[in-house]
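*Asks:* As a plain string of letters, each chain reads:
2 protein chains.
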Amino acid sequence: MNQMLAAWQGTVTPEMEQVARDEGYPVEPVLQGVAAGTIVIPANMRRKNLKAVGIGTGLRTKVNANIGTSPKQSALDDHRVKLRVALDAGADAVMDLSTGGDLDRCRREILASCPVPVGTVPIYQAAIEAKERYGAIVAMREDELFEVVERQAKDGVDFFTIHAGVTLESLDRLRKQGRLTDIVSRGGSFLTGWMLHNDRENPFYKEFDRLLEICLAYDVALSLGDGMRPGCQADATDRAQVQELLILGELVDRCREAGVQVFVEGPGHVPLDQIIMNVQLQKRLCKGAPFYVLGPLVTDVAPGYDHITAAIGGAVAAMAGADFLCYVTPAEHLGLPTVEDVREGVIATRIAGHAADLVKRVPGAREWDERMSRARKALDWEKQIELAIDPEKARRYHTERNPEKFAGCTMCGEFCAMKLVGEYLGKDYENC
Amino acid sequence: MNQMLAAWQGTVTPEMEQVARDEGYPVEPVLQGVAAGTIVIPANMRRKNLKAVGIGTGLRTKVNANIGTSPKQSALDDHRVKLRVALDAGADAVMDLSTGGDLDRCRREILASCPVPVGTVPIYQAAIEAKERYGAIVAMREDELFEVVERQAKDGVDFFTIHAGVTLESLDRLRKQGRLTDIVSRGGSFLTGWMLHNDRENPFYKEFDRLLEICLAYDVALSLGDGMRPGCQADATDRAQVQELLILGELVDRCREAGVQVFVEGPGHVPLDQIIMNVQLQKRLCKGAPFYVLGPLVTDVAPGYDHITAAIGGAVAAMAGADFLCYVTPAEHLGLPTVEDVREGVIATRIAGHAADLVKRVPGAREWDERMSRARKALDWEKQIELAIDPEKARRYHTERNPEKFAGCTMCGEFCAMKLVGEYLGKDYENC
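Residue numbers (the numbering used here), protein chains in the order written: chain A, 1 to 432; chain B, 1 to 432.
No wet-lab data here; the hints were simulated from the structure. Be careful, since some hints might not be right.
Calculated from the model, a selection of chain A residues having no Cβ within reach of chain B, i.e. all distances over 12 angstroms [stated by the list, open to error]:
no. : residue
1   : Met1
2   : Val12
3   : Asp22
4   : Arg46
5   : Val81
6   : Leu87
7   : Ala112
8   : Asp155
9   : Glu201
10  : Lys206
11  : Asp209
12  : Gly249
13  : Arg256
14  : Glu257
15  : Thr338
Covered stretches of chain A (chain B as the covering partner; in silico rule of three or more C-beta atoms under 8 angstroms from a C-beta of chain B) [to be verified]:
no. : segment
16  : 238-245
17  : 306-314
18  : 362-373
Keep in mind it's a predicted model, so treat the numbers as computed, not measured. Cβ coordinates follow ideal geometry from the N, Cα and C atoms, glycine included.
Taking the hints into account, I'd like the entire structure generated from these sequences.
*Replies:* Written out as structure tokens, the structure is:
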């Protein structure tokens, strides 16, 4: 059943029940959030074995991991292993960004084996097929674009990234703005190239109703892509970016009128002091639609560590109200992520989300930290490892970095400082 | 020459000149900052071969790396290698936190081979020597404490962490407060145990003038330690922590009256939404004294990733005005850091500092990111690697994660989307 239409009728879906259960809420506020569009539950009617996930206000901050094949078809392309690792590490959703090999088959494999929502960027496949068919992306026909969208919807994809805000108007603003790194969104570049070559408006914008029809028929959620997202600190929050956001805000209205669930994508590369403002601006212009951010990366100079630059920005964004964080791996800006990069990327992004959930007072967040702190105080190593966000790494580090097994402290001798402090505080301490 | 006394007289020292040169400022504002106490240049008169470093308002955010021996004397104890790695990775200062082996010898070795400011925590050595002499830390005599302070000052240590705010008053507040993890500062625990066992006030507080005399004689900067720092999210910014900060603020006044340079240490484990407030409170209560924070760690649940939890907190703290970040390694809460952990810890902390420097408008910060972004736009890999915060890792990742050497993009065929966009924007693009 279409989630938003059901919510409007006051009908509780199994997916809403699942989300309420996972989040520790009664189902009523979840239903109200879906009805209002502040909560999105991406759940294609044709998906099988989906464990529904909610994204939006009041809910735990969610993490997406990108996987998929590349044209180079290297050993790094093992999307099956990466999918498993991403899920093991706790990804709440995955996007299939494949650009190499048999795209239909790859997507269907992922959909068949993935229990969490799956998103795609249909312009990738449409562009690649146009290249194969005509030798050039810009030769793509509009009908072919929508044919790919429908094909992917029929397969059960739960959400689509659609760069419908890359319009002639926003391109004009981009030209007048002047930028250091221009357009860094791949989908945004494809569409821009097509628009300029053909001297036509973006089909996703011009025929947005056609897109909505497909999404409504299968209940695919729209993730309105930010083709104008800044690719460096210097380009952040400029007129091109904000122009696109204005258009995306209008499209949010149209999605909601049509009963299509929608969230909005955001930057990118953003200086630390512009992040909160970016989230507030999106929430205002897009009337509370969930915000899905890529990072933001708070500096451009740390290739090899962009999971950290993104965790800094993501934590601040999520604290300010961003709902959904796209992971960034240590390989960002350098190459294809390894399996280990995927794991590090998911965990770093979960840390950012959880740090925000602590202050957003998401149910259960503080309790997790308190349980860990009690285990730490009690020097209960097994409990600490069990409670760690990555128990496997915590165990490995604890083993490797404690050459002699911990067996009490030899520092204080008969008069243990910790014990004295404990007695003073009226607590029954073990010696440290 | 004593930096603060010189500044009061309007005398420019070679160290002030060094700092001004490194920071891209004229020397006048540096001198004024030292005179006012908003800038500290830790530079013991007896240190040889010191490249002076400034810490404080308007200057680049600095990073400290902790090194030193442990009582277990394991292979992880190679402080010589760790010192070299920390310096190579860009640490601006190091602290010798040794607690094992010949402490005097270890400290002198580090001082002899380290070009950046070196700090210590004298209570560690005093406690260990009391243990050796009497079998118990609490048997330490007050004179012995000051003897260790003077011995270390004579060796040339540039700054001392002194937990002078752990007083009977703040312990009383701690007791009334009730905490989840009580005292987690090692120096704070030693002093507290001593105070409770002997039923006496903290000698560093009671005889603060004696401490100031030693610091003045050698020009050792004081780093007023936060023995009451929270050890978990739940304990952050409680009455015990703020009580200690009030006392430290008063001690800042006394340092400045005496001509002793001083900065103040801060937490610790702090939820994301309390970090800015913590910095503002310190700056107000301590009259603009530089703030030296350990993290802050924004969640307790990520052992193995605490360089990331600390980078998130450190970036926000530094943006809000923190001046000096103590690194946290991935081994935090789990064991002794490996050499690789030391490197990761320094780089993660430098990322946090630099993200803040971008928004603090520290001279040169934005230019670095812009140069990187131009290299990225030009697909100039050598330049990107050269400009990376960790060029070695960037090169390794770029090599390992690009199985086929980059040789242009096969996506677009004849009509390159990037080229079309570039032509529209009036730029002379290479194909992507």
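*Asks:* Could you run down the list of hints and mark each one as holding or not?
*Replies:* Here is what the structure says about each hint:
no.	hint	result
1	Met1	holds (37 angstroms)
2	Val12	holds (32 angstroms)
3	Asp22	holds (18 angstroms)
4	Arg46	holds (30 angstroms)
5	Val81	holds (15 angstroms)
6	Leu87	holds (19 angstroms)
7	Ala112	holds (27 angstroms)
8	Asp155	holds (23 angstroms)
9	Glu201	holds (15 angstroms)
10	Lys206	holds (19 angstroms)
11	Asp209	holds (26 angstroms)
12	Gly249	holds (24 angstroms)
13	Arg256	holds (30 angstroms)
14	Glu257	holds (32 angstroms)
15	Thr338	violated (7 angstroms)
16	238-245	violated (count 0)
17	306-314	holds (count 5)
18	362-373	holds (count 6)
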